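As they're listed, the protein sequences go chains A and B. Sequential numbering from 56 applies to the first sequence in this note's numbering. Sequential numbering from 5 applies to the second sequence in this note's numbering.
A hint or two may mislead.
Just some of the chain A residues that point at chain B, by a computed CB distance under 7 Å [stated by the list, open to error]:
#	residue
1	R65
2	V69
3	E72
4	A73
5	V87
6	A94
The calculated SDA-like cross-link candidates involving lysine to any residue, where the alpha carbons are at most 20 Å apart (straight line), are [stated by the list, open to error]:
#	chain 1	residue 1	chain 2	residue 2
7	B	K179	A	P60
8	B	K179	A	D62
9	B	K38	B	S63
10	B	K38	A	A71
11	B	K179	A	D63
12	B	K38	A	P81
13	B	K38	A	S74
14	B	K38	A	R89
15	B	K14	B	E74
16	B	K179	A	A67
17	B	K38	A	E72
18	B	K38	A	L88
19	B	K14	B	H25
20	B	K38	A	G82
21	B	K179	A	E72
22	B	K179	A	Q68
23	B	K38	B	E152
What the hints contain is simulated information worked out from the structure, not anything from laboratory work. For clarity, every value in this text was computed on a predicted model and none was experimentally measured. All C-beta atoms in this analysis are idealised placements derived from N, C-alpha and C, irrespective of residue type, glycine included.
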Amino acid sequence: MSEDPRDDPRWAQVRAEASRPVPTPPGLVERVLRSVGGARGRHTTAPLDLPSDGGKTQVSERALVLMTRRLAAEIGRDLGGVHISAVALEDDELQVLVTVRFGVTASAAELLRHRLSAALSGQLGSAAPGINVHVVDVHPD
Amino acid sequence: MSDPAPVPDKELAERAVAGDHGAFDTLVRRHTAKMYRVALRITGSAAEAEDVVQEAWLSAWRALPGFRHESAVSTWLYRVATNGALGQVRRRKPTVPLDEGDAGVVPGPEGQVVSAEEVGTVLRAIAELDVGQRIPLILREFEGLTYEEVAEVLEVSVPALRARLHRARVALLAKLRRGPLGENLRPGER
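So that you can see chain B by itself, here it is in the shape it has in the complex (with noise of 0.2 Å):
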């Protein structure tokens, strides 16, 4: 017997509203892998990615009975992330380790703060961008998601997105072409 359909998100969601706290739970499942992805493409950091993330959650959860549904469910959850991470890179501040004999990686200026050994070599070009280029250049080119739906994250006009993408695109190659990656390329690749 195969399984049933999964809820749809709208569902749950009317559902978390009226006191079903199993179908809130349901929706923090189904999301917090994309929700920390995303999360973690901004900030750079896992730790942080991971205080947006649950910051995230419990905002959705106090402002989920005003959710209008004008947006799908999904799209509104990457909105609260992605405004989460980026409260938390404007938030950033040079820190110096409580135990002076820490050689940890201490967090610099936005914009200059990759740390995480996982983050990839055009993470760490995209950590570069300013973030008005990094978000919608994650949720389109890392996260798939549509024009349009990147646009209702950013609460921008798809034309203005367009363009605001255009200008990201070329920064990070600008940065690519300044890196090992460009370095490593056959002359007639430049």
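So that you can see chain A by itself, here it is in the shape it has in the complex (with noise of 0.2 Å):
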């Protein structure tokens, strides 16, 4: 091997970043905690009952939640600038909280919420739940 490149006096810069302290956004372990509370579910919601012939098929809340965030963060991505923050089923309906990024318009969410009711409605059929979007934070990037 060629020689270290760590004992170059440049990698200095390397250590002087690395030593820089990363502040943990104010609020995420909460949104991470919700988000996992959302996923685990309250276990009082009654499974949705999806009409199929010859019997009845059942979704979990917690399979309905995990399913959408899913699509959420896929529709997210393609808007631009919409990160999922959390997800719950809350009331039988899902709740939906979003960060945007600064200058992304209020009409994100409401696109969010269109494409989200669709996708949901094409998995689930006419047993999709409501779905409420939140805007609870904006970010710099």
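Both chains are given apart, each in its own frame, so use the hints to dock them into the complex.
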């Protein structure tokens, strides 16, 4: 191997950068806990009954929340600047909390809600619950 | 009276698998900062890093029952976050702001995107590296993981990791030599 790059004086800049503290965004832990809590579910909501031929298909709260989150994340990426903070089923409706990039218009939230509703209906049919989108934070990048 | 010793990660993970939600929440509180840090350093974007952390914790929560403790919980969480950040970088595509009047930063292709103000010159140089070099460099030089731990996270052998890290360091140094840092050095240091 050639000489060790870490012996170069410029490597001090790497060490300095490495020692620079990286603050955790305020509220991130709480948002994670809310996401995990939403995925856990409260086990107070009956599974969704989906009409199917010759029987019944049920979707649990956990599966519904995770599916919604996945779909919302994909739509948010397509829209650009829309990030999913948490998803939970409350009062039989899906609550989707999002952060948006500074400059992204409020209509993005409505667009997300519209597309998410269509995507979820595509997966679940008419049994898909209502969706509310809440913009909870704005980020600079 | 001194505080009781913190419950070890392994015990928290076992309790969480047994249904103790509080134990999993304690792991979240304990490890979110470093998962965010590594995600930020890999993606170069605060918003993407938060996405990675959110998804990583949901993945960890779902995968925990299958976790066999063959590595430390923290190493496993690094792996989950690193894989998530890698996926995020690979999914990137150029986007157009929804609001045409928005002069915000538009992400570019992989390896070129660094937009957050907090990302310094060195991180910009690291972000230009191929992710295959960037990730071990971040885990080793920035997170301070041992070679063995980085090898576990990346699921490669230690000799392979050492070779990859050396190439990454050489590549990073070359970028720093070309950048403003190199220009600021005295001729004898070039």
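Consistency of the hints with the structure:
no.: 1; hint: R65; in the structure: holds (5 Å)
no.: 2; hint: V69; in the structure: holds (6 Å)
no.: 3; hint: E72; in the structure: holds (4 Å)
no.: 4; hint: A73; in the structure: holds (5 Å)
no.: 5; hint: V87; in the structure: holds (5 Å)
no.: 6; hint: A94; in the structure: holds (6 Å)
no.: 7; hint: K179/B / P60/A; in the structure: holds (12 Å)
no.: 8; hint: K179/B / D62/A; in the structure: holds (16 Å)
no.: 9; hint: K38/B / S63/B; in the structure: holds (16 Å)
no.: 10; hint: K38/B / A71/A; in the structure: holds (18 Å)
no.: 11; hint: K179/B / D63/A; in the structure: holds (13 Å)
no.: 12; hint: K38/B / P81/A; in the structure: holds (14 Å)
no.: 13; hint: K38/B / S74/A; in the structure: holds (13 Å)
no.: 14; hint: K38/B / R89/A; in the structure: holds (19 Å)
no.: 15; hint: K14/B / E74/B; in the structure: holds (11 Å)
no.: 16; hint: K179/B / A67/A; in the structure: holds (14 Å)
no.: 17; hint: K38/B / E72/A; in the structure: holds (15 Å)
no.: 18; hint: K38/B / L88/A; in the structure: holds (16 Å)
no.: 19; hint: K14/B / H25/B; in the structure: holds (15 Å)
no.: 20; hint: K38/B / G82/A; in the structure: holds (15 Å)
no.: 21; hint: K179/B / E72/A; in the structure: holds (15 Å)
no.: 22; hint: K179/B / Q68/A; in the structure: holds (12 Å)
no.: 23; hint: K38/B / E152/B; in the structure: holds (18 Å)
Figure legend: structure checked against the earlier numbered hints; every hint is met.
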